[in-house]
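Protein chains in written order, with the working numbering: chain V, 1 to 314; chain Z, 1 to 314.
Simulated from the structure, these hints should not be mistaken for lab results.
Computed from a prediction, not measured in an experiment: that's the story for all the values here.
Each pair of labels, with its calculated beta carbon distance range:
{"id": "1", "chain 1": "V", "residue 1": "Glu-152", "chain 2": "Z", "residue 2": "Pro-91", "range": "37 to 43 Å"}
{"id": "2", "chain 1": "V", "residue 1": "Arg-85", "chain 2": "Z", "residue 2": "Pro-91", "range": "22 to 28 Å"}
{"id": "3", "chain 1": "Z", "residue 1": "Pro-91", "chain 2": "V", "residue 2": "Pro-29", "range": "29 to 35 Å"}
For glycine and all other residues, C-beta sits at the position ideal for the given N, C-alpha and C.
2 protein chains.
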Amino acid sequence: MALDKNIAVLIGGVGGAKLASGLVEAAAPERLSFIVNTGDDFWRLGLKICPDLDTLMYTLAGLVNLECGWGVADDSTVTLDSLARHYQIQPWFRLGDKDLATHLLRTHWLRQGRSLTEVTTCLAERLGLRATLLPMCDDEVPTIVDTLDRGELGFQEYFVKYAWAPVIRAIRHLNCEKARLSEQVRKALLEADIVLIAPSNPWLSLAPILAIPGLRELLERLAAPVVAVTPIIAGEAVKGPTAKIMRELGLDVSAREVARYYGGIIDGFVDDLRNEPFETEGLRIVQLDTLMIDQADKVALARALLEWTGSWTR
Amino acid sequence: MALDKNIAVLIGGVGGAKLASGLVEAAAPERLSFIVNTGDDFWRLGLKICPDLDTLMYTLAGLVNLECGWGVADDSTVTLDSLARHYQIQPWFRLGDKDLATHLLRTHWLRQGRSLTEVTTCLAERLGLRATLLPMCDDEVPTIVDTLDRGELGFQEYFVKYAWAPVIRAIRHLNCEKARLSEQVRKALLEADIVLIAPSNPWLSLAPILAIPGLRELLERLAAPVVAVTPIIAGEAVKGPTAKIMRELGLDVSAREVARYYGGIIDGFVDDLRNEPFETEGLRIVQLDTLMIDQADKVALARALLEWTGSWTR
Chain V
1 MALDKNIAVL IGGVGGAKLA SGLVEAAAPE RLSFIVNTGD DFWRLGLKIC PDLDTLMYTL
61 AGLVNLECGW GVADDSTVTL DSLARHYQIQ PWFRLGDKDL ATHLLRTHWL RQGRSLTEVT
121 TCLAERLGLR ATLLPMCDDE VPTIVDTLDR GELGFQEYFV KYAWAPVIRA IRHLNCEKAR
181 LSEQVRKALL EADIVLIAPS NPWLSLAPIL AIPGLRELLE RLAAPVVAVT PIIAGEAVKG
241 PTAKIMRELG LDVSAREVAR YYGGIIDGFV DDLRNEPFET EGLRIVQLDT LMIDQADKVA
301 LARALLEWTG SWTR
Chain Z
1 MALDKNIAVL IGGVGGAKLA SGLVEAAAPE RLSFIVNTGD DFWRLGLKIC PDLDTLMYTL
61 AGLVNLECGW GVADDSTVTL DSLARHYQIQ PWFRLGDKDL ATHLLRTHWL RQGRSLTEVT
121 TCLAERLGLR ATLLPMCDDE VPTIVDTLDR GELGFQEYFV KYAWAPVIRA IRHLNCEKAR
181 LSEQVRKALL EADIVLIAPS NPWLSLAPIL AIPGLRELLE RLAAPVVAVT PIIAGEAVKG
241 PTAKIMRELG LDVSAREVAR YYGGIIDGFV DDLRNEPFET EGLRIVQLDT LMIDQADKVA
301 LARALLEWTG SWTR
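Excised from the complex, chain V in its bound form:
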C-alpha cells in the first residue's frame, strides 16, 4: 500500500483538488505534500487572494462549495454587496463573507512579514489539515495571458472577468526568472517516493510551477518517478479551458499532446480509458477511469494510480 510513501503533488485548482481529496484517503495524509500553483494569485481591495491554495485548502478541510468546486459552502456576500451598494465598488471577483476570513488573516500575516509558505502552513494547521500545503514559491509570479481580442490580461481578468472567452496567443509568467524555489518545496520533492502531476490545466496551472528556475531540473534528476494524470478525457476537458487553449495554441486536443508537453519530466502517464491509446518511447502509460464525479471515484483513481506506480521505480 501507499501508506509508507512520501508523495509530492504538483497541482492547480478545481481539477487538481478532486484528485487531492482522493489521495488523502488513499494514502497517509501526513506524507502528502501539495505544491500549489500561485500564478493565479492577485490583490483585490488590499487583500491577497490565492485561488488555487484556497480551493485546495477548502477542499481538504471539507469546507468547499462542491457545486462550484471553489469557495466556501453556504457563503454569503454581504460585504461585497455593501461595497457595491454604498461605495459603488463593482466587484467582478466574487468574495464570500466566509472566504473573506481567509483573505483577511492571510493578508494580515503576510503584512507582518511572514512568507506565503509560513502563512499557508498556519492557515492549513488551523483548519486541521493533515497534509502539507505549499505555495509553489514565495515570490509573486503572476500569470499574464496575451489574447488576440484584448491584448495582455491578468489571469483573473482573463479567467473570471472575461470568463476565458478571449483567444490566447501566449502565456507568460511575470518575474518568474527571479523566483526562488523554497526550501520546503525542494525538500518535499527530494524526499518524495513519487511525484504526481495532477489533472490540472497544463498551460495555466502547471506551467507556472514548472517556470520556477531550478524546478524542472530538480524533477529531471529525482530518483522518484514522476507521473502525470491526463486532464483530457475523450477530446475534452472535464471543466475549464484546457481543450480551448490547446486549440488556440494550435495543438491537437489529446492526452498524447499533454504527455508530450510534460516530456522530459515524466516517467509515467495516467491516460483515461475513454481515450485513443498511444505510445511514447520511454514513457509508461496506463489507462484508468480518470473521470471523478463523486468521492468514491476520486479515491478509486488515487488508489489505482498509486498501485500502478507502487510496482515500479524509475
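Knowing the structure of chain V, use the given hints to seat chain Z on it.
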C-alpha cells in the same frame, strides 16, 4: 436662521452623532464641518478601524444601527464567525459584514498612500454625505488609558474588551506632540462662524482633539464664538463612562465641572435645564433640553442652540 453660517463641530462618537444628525437638519449641511476624534482608532487584522468617524458617517448616511448608536443597521457577522470557528481567532471587537466594507476600502486607500483626511472625504462622498467629515489629524494619536486595575490599556481594550470597568488613573495621547493640524481642519476652524463642542466625553473624545499641538491656541484666537454642550444631565451621562471617569478623576459630576474643563476655550455653554444653574465669569450660559431621544429632539436642540448663539458674537 443658521443656513448662512459656517459651523465647525469638534466631536466624538455616539453622543456627538446625535447632535450631528440634528445639525444637518437645522443648518445647511454643506456648511457643516465635523472635526472628529481619532484617538479611538486602531488596527485589527490588518484593517484600520476609526470608530468615531464610522459612527458619524453611518449616522449622517442613515445607515447606523440606531439601537447601539454605532455600526450598520441589520448587519451580520459571517466573516467574524468564520474567523472564530475555522481559524480560532476570537474577536473581542465586533465587526459586521457591512461594516467591513468600510474598513476594507479605507485600509486599501490608506495603503495606496492617501491620507486619512482624503480617504474620509472619498468615503463620505460615496455615501452621499453633504456635510464635511474631517479626522482631527492624519497622524496616529492613540488614546492610552492608565488604569488602577489593569495598568495601561489601548482605548478599545479599555472600552470594549473590559467594557470601561477598570478605574482610570490618567489618560494620555500617544505621539500627540508629533501630530500636525491638517490644512483642512485649520481652514474649517478659521472659516467657521461658530465652533461647537459636541456633548461627547470631554476626557475620552474631546481631549484627544484638544491635544493636537496648535489646536487649543487656534480656538483661543478665533473671532467666532466657541460653544460647548453639556454631556452631563442631572448628575449622569446619558450613555457611556463620562460620569464614572469624572468620579475616578476626583471631579464633581456636574456641568459646571465640564465648563471648567473647557475654560479658556469656550465663550458659551449649553447646560441642561435639569441641572443646577451655575455662573462663570465671562461665560454665557443657556439652559436647554439637551436630552436627545428621537430625531425631533436632536433637531430642536440644534435649532435652539444656533438661535441662541446667532444673536451674539464673541
